[in-house]
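Peer 1: Protein chains in written order, with my numbering: chain A, 3 to 497; chain B, 600 to 1083.
Calculated directly from the structure, the hints in this document are not laboratory data.
SDA-like cross-link-like pairs, simulated, lysine to any residue; straight-line CA separation at most 20 Å:
#: 1; chain 1: B; residue 1: Lys945; chain 2: B; residue 2: Arg981
#: 2; chain 1: B; residue 1: Lys815; chain 2: B; residue 2: Arg837
#: 3; chain 1: B; residue 1: Lys868; chain 2: A; residue 2: Gly373
#: 4; chain 1: B; residue 1: Lys731; chain 2: A; residue 2: Leu343
#: 5; chain 1: B; residue 1: Lys681; chain 2: A; residue 2: Leu365
#: 6; chain 1: B; residue 1: Lys681; chain 2: B; residue 2: Thr852
#: 7; chain 1: B; residue 1: Lys815; chain 2: B; residue 2: Glu606
#: 8; chain 1: A; residue 1: Lys381; chain 2: B; residue 2: Pro880
#: 9; chain 1: B; residue 1: Lys681; chain 2: A; residue 2: Gly373
Stretch-level coverage of chain A by chain B, calculated; a stretch enters the list once three of its residues show a Cβ under 8 Å from a Cβ in chain B:
#: 10; stretch: 101-113
#: 11; stretch: 238-247
#: 12; stretch: 360-372
Taking beta-carbon pairs under 7 Å as the criterion, some of the chain B residues facing chain A (in silico):
#: 13; residue: Pro647
#: 14; residue: Gly648
#: 15; residue: Val652
#: 16; residue: Asn682
#: 17; residue: Pro686
#: 18; residue: Lys690
#: 19; residue: Arg875
#: 20; residue: Phe877
#: 21; residue: Asp881
This one's a predicted model, so the numbers in the text were calculated from it and none came from an experiment. Glycine included, C-beta positions come from ideal geometry on N, C-alpha and C.
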Amino acid sequence: MELSSLGTIADVRAALRNGAGAVDVCAEFLDRIAARDGAIRAFTHLAADRALERAAALDGRGPDAPALPLLGVPVAIKDNICTRGLPTTASSRILAGYVPPYDATVIERLTAAGAVVIGKTNCDEFAMGSTTEHSVRGPSRNPWNPACVPGGSSGGSAAAVAARLAPAALGSDTGGSIRQPAAFCGIVGMKPTYGRVSRYGLLAFASSLDQIGPFGLTVADAAALLQAIAGPDPRDATSAGAAVPAFEEAAAEPARNPTIGVPWSILENGVDAGVGAVFTAAVETLRGLGATIVDVPLPHAEYAVPTYYIVAPAEASSNLARYDGVRYAYRAPLDERDATLDRMYDRTRRHGFGDEVKRRIMLGTYALSAGYYDAYYLKAQQVRTLIRDDYDAAFRRVDAVAMPTTPTTAFRIGERSDDPLQLYMGDVFTAGANLTGLPAISLPCGRDGAGLPVGLQLIGPAFGEETLIRVGAAYEEQAPWWREAPPAAGARGPE
Amino acid sequence: MSDTGFEPVIGLEIHAQLLTDTKIFCGCATRFGAAPNAHVCPVCLGLPGALPVLNRRVVELGIRAALALNCTVQPLSVFARKNYFYPDLPKGYQISQYEHPLATEGAVRYAQDDGDRVVRIIRVHLEEDAGKSLHAAAGDVDRRTHLDFNRSGVPLIEIVSHPDLRSPAEAAGFFTRLRGILTTVGVTDGNMEEGSLRCDANVSIRPAGASALGVKVEVKNLNSFRFLQRAIEFEIHRQTEVVRAGKQVEQETRLWDTAANRTVSMRSKEDAHDYRYFPEPDLPPVEVSEAWVAEVAAALPELPEARKQRLVRDYRIPPAEAAQLADTGALTAYFEAAAAAAGNAKAAANWVMGEVTRRLKADGGGIGAVGVSPEALGRLIRMVDAGTVSGSAAKTVFERMYGTGRGAQEIVEAEGLAQIGDEERLLDVVTRVIADNDDAASRFRNGNEGSLGFLVGQVMRATGGRANPRLVNALLRRSLSDDA
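Generate the whole structure from the sequences, applying the supplied hints.
Peer 2: Right under this line is the structure:
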């Protein structure tokens, strides 16, 4: 296999088996980034030297060294996940130059599995957004059309994998931030069950919704990455004790006759025609491979967006309070003569945070204020329970629920930046999985009239990632959309 | 304060540092006195991405405190975030408990000279401490504020009492009891100088006989029993003056200014923080099983009130004195050992509350620092009871024993402090004293009994306190009547 045709984790494994070194693999991806990331802007920081050293160390392991599942696999990391010695800024001015003194649990686990961190990827500031436009580093671009957004907030990670600049990447998903950019970029992205993956070292946006998850070209790759990072962590009190199934094996055993629920009623309005047609075709594909399709009502699904935009900003307003200019990173310059503590806080946060982050801090502060708490935060928590009840009822009848990941495909950069409400509505199909804690996966299921990818989302019962992987693998086997690479992947695709 | 026509109403909020080796949400040490920022990590520094994990030992000590205060331990309690900005609060919020505290509704019962007291407890909850700001003093060249996060994340319990206290002395008395209880059950070292125990008071006044509560003022920074009492006194006086002037007391937070001896306004109700409490999403609710509560209850040591009652019952010591001896477990143990060695509980009690306490107070130490073992004290008491040494000479012997490790017997022999019981030797002194004090002698002969005491004192003085007072008494009476 030519190194220039490397795409998936499976490809990397094959190359290493056939005599290539981890250094060769790493250098190949670094070369691609150097050549092509100028047009995509997926990365905010490259760890080239460090990655090559690490790859060399892996190559230098003796013949008796234990087999590592992700040996020599370059992985791109969203810039809101702590990497010791590498800048971690969440694409915010307020963390300019911040270098964490510790690795997130997921980084420790990737490292232990033999993976090589090659760089940090762009995102919406503190993961707040769905376009990667709200970044102090400027927007990333969609590999299928550089005039379009890659989605967000994990847009850099999704674009990197879609453009074949890394075989795999980590993102974080609070209201759809893995699945939506995966859909926009035509790759696989998964939000695991809340608690499946440790959040230790993830810069918190909304603690009760945040989950780290994998991006890959294939379901099997996403499964391989999830395998490495999943499992209980004594440093995260919300990580679950549940045993970790063999996800990679599940990917090799596609589901044969699953029962899939589709909430047709909520798809009647607000879904682009192009997306609707592709999704309907995908459902037919599922039926064709033996799935039973049933209609499931999700009566409270329409409240997911308003509920989400109470809970997430409320928690964010508290989580982002620590960025105050006192102890680390950015502090606004002050004139000695009028330097007071309040002024320092004010200017640091006014100048250090972008508009979208400030908007959400304001919303969240309001929702938690005395006299409003019951009407907003408490009510939102109650609605969360109702949404979860809908899904629990559905899972008594079906193995997974299917719906489009997003109501539209990727739109143009700048097209919606002045309309936060319209952007928020784009989370309509993804926010539910965060509010309920349920696992969900997005996989490519075709392209619309403009040639932009459409995502098929599968939502599963709690700790049912295995089911999602098996159903996803079955669909992917039938419809291997991942084989079509975007123009930005250069001469390498389609394979 | 019925003389002013107003009744003070006082409730206390007490913060106690729990005696754990490590912090509440991370593995850093809680030791006091280390170099600044020696005991810190990403969690207690609130670094981006760090998460809290609850130290189980904190819950155990919280349960212990709650049980000692007769509270109901809740099967489920919930941590909440208290949001406010301050440089020594690294996350921008304090993890505390709000709507669902660890324990609720208890009471402290104790006897005072003037009657029994019951102070009800509203709640006991767990929380983390903040760091410490070290501000430059006026005139310092370095005008910066330094931050020390060693204390950040140190476990605390907050105890909130009902407004059941009616005077500054009563408040100080209750705080003393509470401290005794908390140190006895080993949840805190109660060291107020190091800040392990801190107290705020909610003070209001109302017309005597009224049942509605007045507007309350929270007074902070009351870090000694004396400050607590004085600040409340000041505040009652201030509020009384405000009301008398026809004005309204304002709801506010005030600070005790130790230098100026007054409370000063810190923030008004309008400036009060909106803490925007909400359940801490990083921590699951705290579950406490009945079995756990039972286990902690079984290991609870004897409480001061129970100890006091035992001293009254077993040693026939009057309640007020027993309360004093029951103040701390160590003091009680010292007394009991001395009483056993002396074979005389009453004398041992007098010694412990008298000479021993006086000496400890002078040296500024607790009973742990006492310079005479209870067994040695017991042997000294036996010598007094046997008439080998007089009561007043015994005090001298005690001073010589203190901190030297020398025994009473040895000191008495070496320094000739044995009681003079020799009638002939004493008679010489008695005769001389009568001769030297004509006036007193004649007054006695004329029926003034009080003059005898003076003469006894003169004899005792002449013998360096070694004369047997009973014998002196008898000899004086005999000599004075003989002469007549």
